[in-house]
Amino acid sequence: MWELIRINKRKSLFVLILMFILMVSLSGTIGAGFYSFDWVKGMLWGALIGILLWAIQSAVAYFAGDDIVLHFNMAVVVTPESYPQLYNIVEEMKIAAGLAVMPEIYIIESTGMNAFATGIRPEKTAICVTRGLVENLDRDELQGVIAHEMSHILNRDVLFMTFAGVMLGTITMLSNIMLRGTVFANSGNRRSRKKGGFSGGHPVMILIILLFAIVAPVLARIFYFTISKKREYLADASAARLTRYPIGLASALQKIAKHSSVDFVSKITAPMFIVNPQFAGADEDSVFSGSTHPPVYKRIAILTQLQHGGKVSLENYQKLYEKELSTSGLFSKTTLESDKSEAVRAESTGKFTESRTDVADVILANTGFKIVTCECGLKIKLPPSDLRMKVVCPRCRKEVSVSGQSTAATENGGDELVFRRKNKNSWESFPCQCGKFTFQLSPLFRGTYAVCKRCKTKVRIEYPE
Amino acid sequence: MTFLVIFLVVIVVCALTLFVMYNKLVGLRNIVRNSWSQIDVQLKRRFDLIPNLVETAKGYMKHESETFIKVTEARAQAMSAISKGDVKEVGAAAANLDSALAKMMLTFENYPELKANQNFLALQEELTSTENKVAFARQAYNDAVMGYNNAVEMFPTNMVAAMFSFKQSDFFEIEDKAEKQAPKVTF
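The listed protein sequences correspond, in order, to chains V and E.
Under the working numbering, the first residue of the first sequence carries the number 1, and numbering increases by one thereafter.
Under the working numbering, the first residue of the second sequence carries the number 1, and numbering increases by one thereafter.
These aren't lab readings, by the way, just hints derived from the structure by calculation.
All values reported here derive from a predicted model rather than from experimental measurement.
Glycine included, each C-beta is placed from N, C-alpha and C at the ideal position.
Among the clues, some could well be false.
Pairwise CB distance ranges (calculated) [as the list claims (entries may be wrong)]: (1) E:115 x V:457: 54 to 62 angstroms; (2) E:48 x V:446: 37 to 45 angstroms; (3) E:165 x V:74: 51 to 59 angstroms; (4) E:44 x V:440: 53 to 61 angstroms; (5) E:153 x V:49: 51 to 59 angstroms; (6) V:214 x E:6: 54 to 62 angstroms; (7) V:443 x E:55: 28 to 36 angstroms; (8) E:164 x V:215: 52 to 60 angstroms; (9) E:125 x V:437: 53 to 61 angstroms; (10) E:55 x V:438: 48 to 56 angstroms.
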């Protein structure tokens, strides 16, 4: 089962080694530059000092990293009594992942929606979620998010990204030292130049060293963000594999994407979040954007297609991933984005052929979900918050009326007021007939009715196709 | 002399590979056993939950005694299957219990006062979660079995498996018959 993960780990390890070589050669070059009269010796010492710097920082992160993050954010431990559902979901995922140790669960008082995992050592891991996340996601979505975090733990991503992050930091630091060293050496007096500095070398040599110092951190960043993005896709894939319900994670990602910013991010922890909190809503397509995460719409696109395919295997994810990343030029971002909401709804309605679906339907119905069957046989599940009386079947595009309480409302009004939205994806406003109130419809508003706050008139809202 | 050295080296290498393969098989088999005990744990947890749920619901639902009896029977059947420890039998019994429970959940739908009961809601979340845990434990078990069976069947570990009589494990499957019994819900 974890064969693909192992292969991917090897690839990531390869990039990590490249980064290490970059770091060592950079520190070596600095050494050679400073001791230009005996450059071989200088190079060795430089490399050694570089490795030492990295090792010390890594050791600090290894032994104290998690605690610092959690204590700093006033995270509160979750017990089975305080948040039974959250605790249950984590336990479910722990069972699915076959982990030996149950991770600790923490909750952070923040209305932003995000989650991250820590745990450099496998015997002491933690999953941290914000209160906003628990309050705004339904059970399946929360399960998807927890599965994603559990995959980070399972794949030892925290360890991996900590080492890579420290390496990136060391390389940046070294290149700073180098650039300053060159500037000081050239502006200093003759006496200090004789002692060392970059004056001893050939001008061409100095130029090469300078160029290296400028290029190395850029390269390191590219390496770092490549690894980080890979691990995100990987965690998505494993999450789909664990829950066998990729659409749960997809719809969670969609919700989180708009509200992911939280005020407690550090560079080390940023890659561990499910959606990068530093780049909430920003374009994060290329490695140069400096985002640790792949663009959310791509992750969602892969996950929904995975659900559509019916088989939740890592191979299928891999195929979709390759397809998605190479064909990304074909679709503009906007078409994918606008397509997204429809696609997710389409998937949540079925295709998932397992006997469990029926049982799941019963449970859904118990929690207030409305389930309608279209003529084409597709089951459409509407959450309790969805008040539409008619939905458009995502498969055959026919209108399906939702039976239940909402149909009663249609029958009473012969001369009801209707407002037809021109563009449901932007803000729209119109005055009420009483003239004292202006309706404002947000891009997210999808209700059937809007009620005037002054005269209590109901206005039906219609949507363009 | 050189012949002897080569001979010894070959022997040592062979022995080492044998050790490694043997240990791999044992490790995989232990994962299978551990996963199985997880299913056991979760099924038993569910058995403990059911009487509580039934007790809470009974007060509200006077006319559904038949449903409760079916659930209680299915529970007893599954419990005896577990004590025997046969993978296939447990699979069938668990499927029976699944469908009985699902039917019971359906009848809850008709009792709004019941759904307003906090205690009942908590129990319902527990039941949902336990159902999930059983499913995930089963999934983890089947994954483990697949890894182990592959090792037992595939070259070169299959030779070691044959030597030390490692046998293939059964997948935890829900029988087709039971599958058909699962309630079809129409709205």
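Verification of the hints:
A hinted range of 54 to 62 angstroms for the beta carbons of residue 115 of chain E and residue 457 of chain V is inconsistent with their spacing of about 33 angstroms. A hinted range of 37 to 45 angstroms for the beta carbons of residue 48 of chain E and residue 446 of chain V is consistent with their spacing of about 43 angstroms. At about 57 angstroms, the beta-carbon gap between residue 165 of chain E and residue 74 of chain V stays in the expected band of 51 to 59 angstroms. Look at residue 44 of chain E against residue 440 of chain V: about 55 angstroms separates their beta carbons, and that is inside 53 to 61 angstroms.
Separated by about 53 angstroms at the C-beta atoms, residue 153 of chain E and residue 49 of chain V satisfy the suggested range of 51 to 59 angstroms. The given range of 54 to 62 angstroms is respected by residue 214 of chain V and residue 6 of chain E, whose C-beta atoms sit roughly 56 angstroms from each other. Roughly 49 angstroms separates the CB atoms of residue 443 of chain V and residue 55 of chain E, a value that falls outside the hinted 28 to 36 angstroms. Taking 52 to 60 angstroms as the suggested C-beta distance range, the pair residue 164 of chain E and residue 215 of chain V conforms, at roughly 57 angstroms.
For residue 125 of chain E and residue 437 of chain V, the hinted distance range of 53 to 61 angstroms is not satisfied, since their beta carbons lie about 41 angstroms from each other. About 55 angstroms separates the C-beta atoms of residue 55 of chain E and residue 438 of chain V, a value consistent with the hinted range of 48 to 56 angstroms.
Violated hints, in rising order: 1, 7 and 9; the structure is consistent with all others.
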